[in-house]
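> Numbering (the numbering used here) for the sequence shown: 135 to 734.
Each hint should be verified, as a subset may be incorrect.
Simulated pairs of lysine-lysine, DSSO-like, Cα-Cα distance not exceeding 30 Å [stated by the list, open to error]:
#1 692 / 576
#2 185 / 218
#3 497 / 184
Hints listed in this document are in silico derivations from the structure and should not be mistaken for laboratory results.
Computed from a prediction, not measured in an experiment: that's the story for all the values here.
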Amino acid sequence: MKKIGTLVCILLSVCFTAFSQISTRQIKGRVVGEDNEPLAGASVVIAGSKKGVQTDNNGNFTLSVLNDGDKNSLLISYVGYATKTVDVHAAGNISVHLTRTNDAGNEVVVIGYQTVKRKDLLASVSSVGAKDLKDIPINSAAEALAGRLAGVQITSSEGSPDANITIRVRGGGSITQDNSPLYIVDGVQIENALASLAPQDIQSIDVLKDAAATAIYGARGANGVVIITTKGGRQGKLRMSYNGFIGLEKLAKELPVMSPWEFIRWNYERSRSNSTDSATFAKTYGTTWDTLSVYKSIAPVDWQKLVLGRNGMMQSNNVSVNGGNNKTTFNLSYTNNTDKTVVLNSNYYRNLINLRVDQRIGKKIRMSATFRYLNQNVYGAGTSSPNGSTYNRLRNTVKYRPFLSPNITTPDVIDPSLVDNSTGNGLFLVNPIALSNAEYRKKSTDGLNISGYVSYQITKNLTFRSTFGYDYNHYINRQYSDSISPVSIIQGGAKPVVELDTSNRTSINNSNVFTYSLKNLGGKHDIDVLLGQETYQVRTESTYDLFKNIPTFTPIDKAFNDLSLGTSFTGYPKQIITKYTSLSFFERINYVYEQKYTIE
Numbered sequence: 135m136k137k138i139g140t141l142v143c144i145l146l147s148v149c150f151t152a153f154s155q156i157s158t159r160q161i162k163g164r165v166v167g168e169d170n171e172p173l174a175g176a177s178v179v180i181a182g183s184k185k186g187v188q189t190d191n192n193g194n195f196t197l198s199v200l201n202d203g204d205k206n207s208l209l210i211s212y213v214g215y216a217t218k219t220v221d222v223h224a225a226g227n228i229s230v231h232l233t234r235t236n237d238a239g240n241e242v243v244v245i246g247y248q249t250v251k252r253k254d255l256l257a258s259v260s261s262v263g264a265k266d267l268k269d270i271p272i273n274s275a276a277e278a279l280a281g282r283l284a285g286v287q288i289t290s291s292e293g294s295p296d297a298n299i300t301i302r303v304r305g306g307g308s309i310t311q312d313n314s315p316l317y318i319v320d321g322v323q324i325e326n327a328l329a330s331l332a333p334q335d336i337q338s339i340d341v342l343k344d345a346a347a348t349a350i351y352g353a354r355g356a357n358g359v360v361i362i363t364t365k366g367g368r369q370g371k372l373r374m375s376y377n378g379f380i381g382l383e384k385l386a387k388e389l390p391v392m393s394p395w396e397f398i399r400w401n402y403e404r405s406r407s408n409s410t411d412s413a414t415f416a417k418t419y420g421t422t423w424d425t426l427s428v429y430k431s432i433a434p435v436d437w438q439k440l441v442l443g444r445n446g447m448m449q450s451n452n453v454s455v456n457g458g459n460n461k462t463t464f465n466l467s468y469t470n471n472t473d474k475t476v477v478l479n480s481n482y483y484r485n486l487i488n489l490r491v492d493q494r495i496g497k498k499i500r501m502s503a504t505f506r507y508l509n510q511n512v513y514g515a516g517t518s519s520p521n522g523s524t525y526n527r528l529r530n531t532v533k534y535r536p537f538l539s540p541n542i543t544t545p546d547v548i549d550p551s552l553v554d555n556s557t558g559n560g561l562f563l564v565n566p567i568a569l570s571n572a573e574y575r576k577k578s579t580d581g582l583n584i585s586g587y588v589s590y591q592i593t594k595n596l597t598f599r600s601t602f603g604y605d606y607n608h609y610i611n612r613q614y615s616d617s618i619s620p621v622s623i624i625q626g627g628a629k630p631v632v633e634l635d636t637s638n639r640t641s642i643n644n645s646n647v648f649t650y651s652l653k654n655l656g657g658k659h660d661i662d663v664l665l666g667q668e669t670y671q672v673r674t675e676s677t678y679d680l681f682k683n684i685p686t687f688t689p690i691d692k693a694f695n696d697l698s699l700g701t702s703f704t705g706y707p708k709q710i711i712t713k714y715t716s717l718s719f720f721e722r723i724n725y726v727y728e729q730k731y732t733i734e
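Work out the full structure, taking the sequences as your base and the hints as a guide.
Below you can see the structure in the form of structure tokens.
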């Protein structure tokens with residue numbers, strides 16, 4: 135009995151010793167990304183085992199490891215980042231920085247109604263990400279893309295902040311029809327989408343360029359498809375960020391013009407071919423070389439600098455707040471853009487609000503909702519005109535005589551020597567400063583976009599997704615042309631003319647898509663099948679009104695607030711209502727064999 139008791143004591147002693155030898159220690163640490171922001175939900179696993187934890191909202195973790203010297207290593211991974219191995223030698227705090235993966239083959243791109251890995255893509259798709267856009271000192275998302283997408287040409291009609299940005303994907307497809315691409319934002323078709331988005335709110339832009347990529351959109355995608363994905367929230371603590379810049383603008387180059395003496399000599403020779411022109415020239419500038427010689431020493435006036443060469447300044451301010459947990463994430467941003475342009479009396483103001491909320495319900499349901507609001511006001515006539523060269527401000531500025539008459543000391547005094555409408559000195563040429571002050575232009579845009587989707591995983595391989603979008607835009611175009619402007623002289627009998635145009639555009643978009651995905655069947659085969667239906671409705675209601683006989687010197691605000699001061703032109707007001715509805719069905723089948731051969 136005594137021997138048995140001794141044996142039990144020995145066994146207990148051995149067990150206690152063994153327990154002491156396999157004691158554990160705690161490792162604490164923090165996982166952050168390239169921007170030193172915490173990565174919530176990163177996986178921290180002990181190498182060679184299944185034991186591990188996930189980081190909390192602040193990127194922190196605590197993990198117990200065996201107290202066995204230098205044999206412990208941690209594998210730390212996060213979606214979109216390269217996995218990192220960290221050796222743990224002692225208890226304490228560690229800091230881990232993960233870097234984004236640059237595996238181009240596994241890069242995910244958005245194509246028609248789904249996302250695929252670039253290595254499985256047969257079509258031609260160019261992509262640009264948020265990192266390429268967020269720090270570009272420019273107000274327009276469209277201009278930010280210039281030079282960054284192969285096969286995509288981006289041009290602007292003029293330097294005005296709201297100038298139409300023309301995007302051509304692999305050149306134009308038609309001589310007479312519109313060549314603009316189709317814009318899809320978060321799965322919803324939106325007209326001229328880049329004008330209503332801030333570069334800082336864009337996560338990625340994928341441009342579908344060839345027939346293989348755009349075929350699923352039918353005729354709508356004939357000119358290419360631009361697919362835009364906006365930024366969503368990130369898991370973790372609440373984060374606030376600011377992105378802003380101030381830029382100075384200056385006229386890069388002036389067109390060469392005549393000196394005052396060259397202008398007089400040229401017009402003198404020109405007027406000799408016509409008796410009327412000759413008489414007008416003599417009345418305006420003189421009849422003998424003695425009287426004309428005064429223009430040899432007269433000071434020139436640089437109209438291009440005065441009208442088109444202001445010291446402009448553009449400014450952008452973007453504030454965003456985002457955060458969330460493993461179920462709900464959100465991203466809220468506000469963007470303010472201002473641009474005091476180089477053109478006299480021209481300014482640009484834009485305010486954008488963007489809110490996106492993503493929600494997970496259980497393991498099978500995902501939801502997302504996006505709200506966007508746009509308010510934009512553009513002042514000034516720009517340098518071009520849709521009504522022809524007679525109204526073109528750039529033409530007027532360059533052709534107007536490069537001096538003031540000797541008896542004129544103030545450049546914007548209104549008298550016959552400043553308002554040149556005689557055939558001998560250029561038909562309807564007006565002092566550029568006086569013309570700028572005589573023409574008031576304001577274009578206002580208010581836009582509201584609401585979109586969202588619901589995705590339900592029916593089975594392991596089958597998913598259903600329904601997407602809805604509502605887009606509303608209200609446009610107002612106000613134009614006031616005083617008595618010296620070409621519009622007033624030609625159309626209004628040298629009295630002020632007022633134009634007031636309004637337009638309301640509403641579009642509703644809904645798509646329903648089933649996706650069946652079977653991966654690694656038999657270790658060799660990958661099959662993806664997509665089947666869907668989409669409806670798209672657009673209604674545009676526009677009203678145009680043009681008034682004449684407005685009393686001279688009527689204040690601009692009063693002219694717009696009391697249109698009864700004038701009378702409508704013949705045929706005005708006029709209203710145009712257009713409606714468009716489309717119903718489409720589509721499918722896509724993709725087959726990959728041994729990750730090498732693809733059929734689509």
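> Each hint: holds or not?
These are the hints, each one checked on the structure:
no., hint, verdict
1, 692 / 576, "15 Å, holds"
2, 185 / 218, "16 Å, holds"
3, 497 / 184, "22 Å, holds"
Every hint, counting from the list given before, is met by this structure.
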